[in-house]
Structure formats: structure tokens, C-alpha cells
Amino acid sequence: MTRGARSVVALWLALLAACGIWLARDLSVTTDLSAFLPPSATPTQRILLGQLRDGATARLVLIGLQGDSSAALAHTSMALARRLKASGLFAYVANGDSGTLRQEQAFLFEHRYVLSPAVRPERFSIEGLKAALAETYGLLGSPAGVLVRPTLSSDPTGEMRRILAQLTPGEGPDLRDGVWFSHDGRRALLVAQTRAPAFDALAQGRAVRAIQAAYAATRSGAGSLLLSGPGVFAARIHDTVESEIWRLSALGAVLVLGILYAVYRSAAMLAASFLPVVSGIVVGVTAVALGFGKVHGITLGFGVTLIGEAIDYPTYLFMQARAGEPLAVALARIRPTLNLAVLTTVFGALAMVFSGFAGLAQLGVLTVAGVATAGLTTRWVLPALVPVRLGSSVPGTPISVLSRAVKFAPRLRWVAAVLVIAAFGLVAWKHDRLWNDDISSLTPVSESSKQLDQSLRHELGAPSLRYLVLARGKSRQEALQASESAAGWLRDAVRKGWLAGFDVPSTYLPSMKTQQYRQAALPPREVLAGRLDAALADSPFRAGGFTPFLDAVARARSAPPLDVGSFAGTALAVKIDSQLFRNEDGWNALATLRGVEAPAELAREASRHGQEFIDLKAESNRLVSTYRDRALWCVALGLLGIFVLLCLTLRDARRAARVIAPILAAVALDVAILLLLGQTLSLFNLVALLLVVGVGLNYALFFDRRHADEDERARTQRSLLVCAATTLSAFGCLAVSRIPVLHEIGVTVALGAALSLLLAAVFAHRPEAGGSPV
Amino acid sequence: MTSGTKNIAKAAIALFAAIALRATASPEAIDAQGLMTMLASVESATASYVETRYSPLLKSPLVSRGTLSYRRPDRIEEHVESPRDERFVLQGDRLTIEDTSGNRSVTVNAGSAGGIAALIEGVRATRAGDLAALERDFHVAASGTQERWQLRLQPRTPALTKYVRGITISGSRARIQTIEVLEASGDRTVMEVRESLR
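Residue numbers (my numbering), protein chains in the order written: chain P, 1 to 774; chain F, 1001 to 1198.
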């Protein structure tokens, strides 16, 4: 090694070590989607991500127990609930057991005079009391009398009944043997709310395993456990995707290693060929972490895919060298082309860096820093580490067959041109149906899991994951007043059959204004006692039996109003916390909805009352399409940048067009084939197509290179073949995956790489030997 | 053994059998199973009733009137006509409460309806002669004769003991005559029933 080479290697090692140490100490990978909020995000979109992140509904785990006698299931349900509560992983666990509801019932009863919607001044007039007593008397003379009687002297006006009527879901689960059951009685039902946010797949996985372990410990023999909910899906997807990625990546790596070893016949060169891409990833991730503080999991996944192009750089170099030839000499031949290969990708990604969207910018920085590093490593470090081409030259590659094929390729120009024009036509014709922005269509949640989720959700009367009504205000009190207004029209909407039920925070925590109004409606003790005596005079009730009532009203009159702190320690605190919260847009009160039948009507009514009806699914699709539109602009700008770069370096606009045209054609054909296969495109396909552009441009550049002689041309062609083979094997492995995301990325890249190579060959100009070295 | 002793033995067995038979048919005593068998012979029943609630909170006992109707296997309806028109229908495990004056109706499952459904279930299971169903919610004890029997039901589930101390149903043959409920509050209700059976 020369001194120059030594210092290059030392510098490179120092940089890698610095990045490595920094990453090991400070790298924090986040999966929090709010990093991806576009700067133009609406308050609704912020609510959307907040809900996806740690909304109460998103953190619900729905649990079903079945396959045993109802007594045994009820027993397991009780034991399971006890264990889950003790685990500390859940904010609350409910199975319908009256013991768990007793505390909440006692709370509601204690505060009935500020919670009951019937509390008005008229209710405590002589006439109002008479009417309320008459109603209670009627109930006492029916089978319901047995329930009314115990609280008759403390709640003769039946305020607790009014409160419960607001809460009782019409079609909730049944109670059997003291716990919740489905209507057919075959399934015991529980709900648990995780403390961990919904997006945290690892923590959700822990919660799921805790439930399974608790069930295994409490089950009574026969029977099975059913689990559903967003967190359960997240955990399951995480597990399947992760194991699949490892499996297929390992398979791909073995294939790539096999191909490269077969070509190089040298372990040292095999190892060296991974150095640029690994250095690129390390430096790229460090750059993102330095620039953004945190690295997002999605950026990592996509970014590493994009840097994947760099695995080709050493191939171009090594394949160019003859056996025993110094790499520096081979490098001198291809340097201009290799520089362009790196620079085009860097230019293409620059638009993303300046997109203003955090997610895209991270991806851009990762690609720019990663690819540049890989290029520099190939250019400076590899020749220093491996001064001379080791191993044997590629033996017996059917060079003649290959070069004949390449010579023949241009004859297919017309066929290819027709196909490409047809592809562009198809894409243009379908331009408004190209994209599928429903991210959930890519997640591997099976149809049977979706059905189970629906049936458990229906049986439990659990709130819809999709719809919400948002009532906002500048202060907590304003938000609560808005929530009360929402409750008003939602009650009407339930009567009209637009939805089955709803749940608003103001039911438990009325606004200060309402509480004060209700407190003011309560007469002073002596006044109330006088009116009660008058009302009792010609009623069937005996005077003197209602002292607990007078006491309770007197207490309620002077009690401090309820605030958030009043609920500490009850399950209601969890509920209020998750449905009444502050964010950068002010205070938000969320109404969760059940059994939504008429979303359009609800949306209209909400906006009429100054609230918002949120369709989380439509909103998330809108968010995705915002991103996709911005990403498409970036791609267009990037392509323009690449074209300008090519024009400047090649000093020939026609040649620049000739390099870039086959890639655009390959992308069009790739998209057309995907469409013909019945697929629609997602953000994942877009990222895959970006990689196709990066890889394909390199193919076109190397095809377009001017070669000193036929031997050199043959070596270039062989290097292209090896590059394409490695890309095809790595992404072909992903293409066999059953998981839609992986499958789509795999198919798109493998197809695109093959098409790029073919079309680059077909449309390659064959400049005479001995021209410009570029 | 001689043929003579054999005959004596046969005669003795016949005598014991006769005594045993006579015992079950005797008007003196009845057990829960026997009572149930008798009640189970009824296909459907309709009745008018008068219920009186004795409560320290009331100036005079509250008298309510209405009708009861039962149809095998699992439907019972209590229609309160006064003081307030209301209908309680327990069919299978679903309880429907219909406020005929307010035109509102809710259906819940029996378990969710707390004490109401368990009380109605007590009457229905008695009417159906379904001892197993009765024993799910109550400790059951029968006494009296076929002509004049009494069934004492003591709640065994916490959901019911919270409201009810005991129920005593009495009747004659397949006919229910009174249903008396002692509530946990100390109130007592007595329902006088006039049944016609089919």
C-alpha cells in the first residue's frame, strides 16, 4: 500500500468508526408517524395521527373466549381480567363484571345532581317534584320496582336513571354468569386498553403475549382465545414482516454472494464489493440522524433499498479489470461513467432533500449521503485496499453469445418502441386510477382476521375505528361546551338511526357552565324541604322518608365542581384523558361513534353545529396522496436535474436524451405490466421505481460508454449482466413473498431492472471505438 | 326355600310396593320434583293479577294490576296496566321492556337486566316446571300438598341477593295463586294471581 493509499484507508476507517460510535451511542429509530406530517397538515390530520398513535380506540384489544361451557368461560374471563389488571400493561381491563363497575357507579351516583341532564330549576319546583315522584311511583308498581326501591329515599327524582340512560349502549354485549358474552352466548368478551401507544409494535407484541400467557395460565381446559384490535394487528404484521424480510434477505444475500463469488473467484474481492454499500448506509444513516435528530423506521427501510444501487459500483470496477491488472488502471477507464452514475442518483434525490416534507427529506438525505459515500469508497478506498485484480478473470462466460445478443438487440427497436408507446398509452389512459392510497390494502391482515375484528367489535359494541366527531375549543371549557353541543345533535341522530350510539367526554365531565347551571338549579335545603312537603302532601308517599334526598342535594349544592382530577383512580379518568386533550391546535373533545350508518348526514350535521366529522380512513388516504403528489414532483424535478447534469457533462443533449429515454421507457413498461397484472400503485411502488431509475440509468450510462476496444466493451457488458443478475436475485426473492408490501417492491424492482437492461441494450447507440472516454 | 315362603315374599313385596305407590299419591306431602312435573303439564296460561306493595315509604300499600301470560316453552309476559302501562316480556334470554304510554321499547339480555329479569325468570321457570332453571338462580324448597303447595326460592347470585331476600310462590295443583317477594329494602310485595290454564 502506498502512503497515499494508507492515508485514504485511514481516513475512511476513521470516518466509519466515528459514524459507528456515534450511531451506537445516539441513534434513535422512531416509528412515530407524526414525523411524517406534512408542513401543510390540517388540524384534522394532526388528530388523525394522534389517534393512530395513541388514541383510546387504537389501543383497545378486543378479547374473545370460546369453545367451552358458559360457566367455564365466565370463570376464565374473571381470572383473565384479574391477571391482566395485575400485569400493569393495561390502562384498564373490562369484562362486564359488576365488581369492576361498582366504583364508577358509586362515583356517578355521588355526583348525580351535576351529571343528570334532567337537572333544571323546574325539576325542583313543587310541580316538578310531583311529576318526578309520580314517575317513580309508576316504576315502583312494576317489576322494575325492585331496582328503584333501594335508592328511593336518596334519589326519588331518579337522576341516576337519567345518567345511566345516556351511557347504556343499546346493543352492548350480554351479561351471563356476571360477565360479558356475545348474544349467542358462545363467546365471553373482554376489552383491554394498552398503556403502550398503538404504533409501538414491540410493546403491542408484549401486551399480546401477556394476554396469551395469562390465558394459558387461567384456561380451564377446552376453548380458545381470540384477539383483535389495531395493536394486535400491528404486532402480528411486525412479526410476519420482520421474519419474512430476514428470511428473504438472507436468501437474496446467499444468491448475490454466490453470483459474485462465481464471477470473482476471490473471497477478498467478494468482501470488498460490499464495502461501498455498507459505508454508504452507515454514513447515510448518520447524516439523517445528525440532520433530523431521529431516524424513522420507514426512512431506513426505503433508504437502504435506494442505496442498494451502490452494490453495483464495485461490480463495474472489478469486472472492468483484467486479472492481475491494478484496479487504479481499470478505474481510470470507467471513472467518468462511474462518476456520472453516482452523480445522477445524487441529483435525482436532491429534490427530495428540499421537498419540505420531513419524511421525503430524510429519504433524500439518506440517499444523497449514502450513494455519495458509496461512490467515493469505490473510487478511493477499493483501489487502495485491493490494489490488483485478484482471482481469475471470468472464465468461459459466453462472451460471443452475449455480444451477439447485444448486437442483435437494436433490431428490436421497432417492437420495443411500439410496446413502450402502448405502455405510455395505458398509463395515460389510467392516469386517474393508477394510485391506491389505502395503506391498509398493503398490510397483510387476512380477510378472516378482519372478519373476526368486525364480529368482536360488533358484539362488544366497541367504537368504530373509522369515524369520530371532533369538537374543538380554545380552552378545556370551550371544548367541553362544544362536546355538549355535539351530544345534543348526536342524540337526535341516534333516534334517526344514523348511528347506534356515541360517547362524549362531557357526559362524565360537563362543562363548568353546565355544572354551575345545574348547581344553581338546586334549591337551598329549607326551600327544597318545603317544596318536597308540598309535593308529598297529596302523593302516595309518606313525608319524612326522604331526608337522604335533602342531604344529597344540599351536598351537591356546595360541592366543588367536578374537574379532571375528580376522576383520579377510576376507569373514567382513562376515558376522559383519551377523549379530552390538548394539542397545538387547542383543546379537543372527541366523540367516539358506534354503528355508523349515515356518514354523509353526520358530516353535514357536524359542520352545521361547528364540529367536524372525521373519517380517519379518508383522512389517512388524503395524507398519503399528499405525500405521493409531492414525491412525484420531486421525482420529476430529479429527472430534470439528471437530464441537465447529463447535458452538461456529455455536452450533447441528444446523447443525454438517449441515456435517459430507455429508463423512462422501462419505467412506463414496468408500470404498464403492473397495471395489466391488476395492481394499483402505492408509495412503495414509487420508491421501488426510484431505485429502478437509479439502477437503470447506470445500465444506460455504461452501455453508452465509448470503449477503447471490443475487449473492453465485452467486459462492460459482462459487468452489466452481473449487476442485473444480482439485482434480479435480491429483489426476485422479495417478489415471491406473500406479504403485499414486499411482493410489490420485489416485482417492481426486478421487472424494472430487467426492462432497463433490455431497453438500454435495445436503444443503445453504438459509438465507434476510440471516441470520447465518457 | 319352599314355594310357601316364596309366596309370602311375593305378597310382602306387593304390599310394600302398594304402600310406596300410595305414599307418592298421598295428599299429604309434595317434593320439588313432583311439583315441577305437575306444573310442567301446562301448555299456556293467562292470568289477571293484583299486586300489593307494602312499604314504610308509602302512606298506603301500592296496588298495581295487570295480566300475566305464559306460553311454553320460554315466553312470559307481565303487562302492568296500572299505575302505569308497561309491558315486560321475557322470551328465551331476552327481556323486552315496553313503555306503552311513551311508545318506547328496549330489549336487553336477561343477565344485563339485573334483578328484574331474575324475578320474572323465577316465575317463568316455576310456571314451566323447570327445576334446573330455577336452581341456577335460587335455592329451591317445596312444601305442602298437591292441593295446597308452597315453593320457597332463595336467591343465590349476588346480582339478586342485592335486591331480594326471598320469594314464596304458592298454589294448588298446576295453578299458581300467590307470589310473595320479600325485598332487601324491607318492602314486601304480594301478587294475587287468577290463572286459567290450557
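Since the hints were derived computationally from the structure, they do not count as laboratory data.
Please note that the accuracy of each hint is not assured.
As the list claims (entries may be wrong) - Simulated restraints, written as ranges between beta carbons of each label pair: (1) P:N583 with F:V1063: 36 to 46 Å; (2) P:R46 with F:P1056: 17 to 27 Å; (3) F:R1065 with P:N583: 52 to 62 Å; (4) F:E1135 with P:S449: 52 to 62 Å; (5) P:R195 with F:R1094: 54 to 64 Å; (6) F:T1157 with P:G530: 40 to 50 Å; (7) P:S125 with F:P1056: 40 to 50 Å; (8) P:K85 with F:S1172: 28 to 38 Å.
For each residue, glycine too, the CB sits at the ideal point set by N, CA and C.
Checked hints:
In this structure the supplied range 36 to 46 Å is violated for N583 (chain P) paired with V1063 (chain F), their Cβ-Cβ distance being about 60 Å. Under the hint 17 to 27 Å, the C-beta atoms of R46 (chain P) and P1056 (chain F), about 59 Å apart, miss the expected range. The hint said 52 to 62 Å for the Cβ distance between R1065 (chain F) and N583 (chain P), and at roughly 59 Å that hint holds. Taken as a hint, the range 52 to 62 Å is violated for the pair E1135 (chain F) and S449 (chain P), whose Cβ atoms sit roughly 41 Å apart.
Taking 54 to 64 Å as the suggested C-beta distance range, the pair R195 (chain P) and R1094 (chain F) does not conform, at roughly 37 Å. Range check, T1157 (chain F) to G530 (chain P): about 43 Å between beta-carbon atoms, so the 40 to 50 Å window is met. The hinted window of 40 to 50 Å between S125 (chain P) and P1056 (chain F) is violated, with their beta carbons roughly 27 Å apart. Distance hint check: the CB atoms of K85 (chain P) and S1172 (chain F) are about 52 Å apart, inconsistent with the given range 28 to 38 Å.
Comparing the model with each numbered hint stated earlier shows that hints 1, 2, 4, 5, 7, 8 do not hold.
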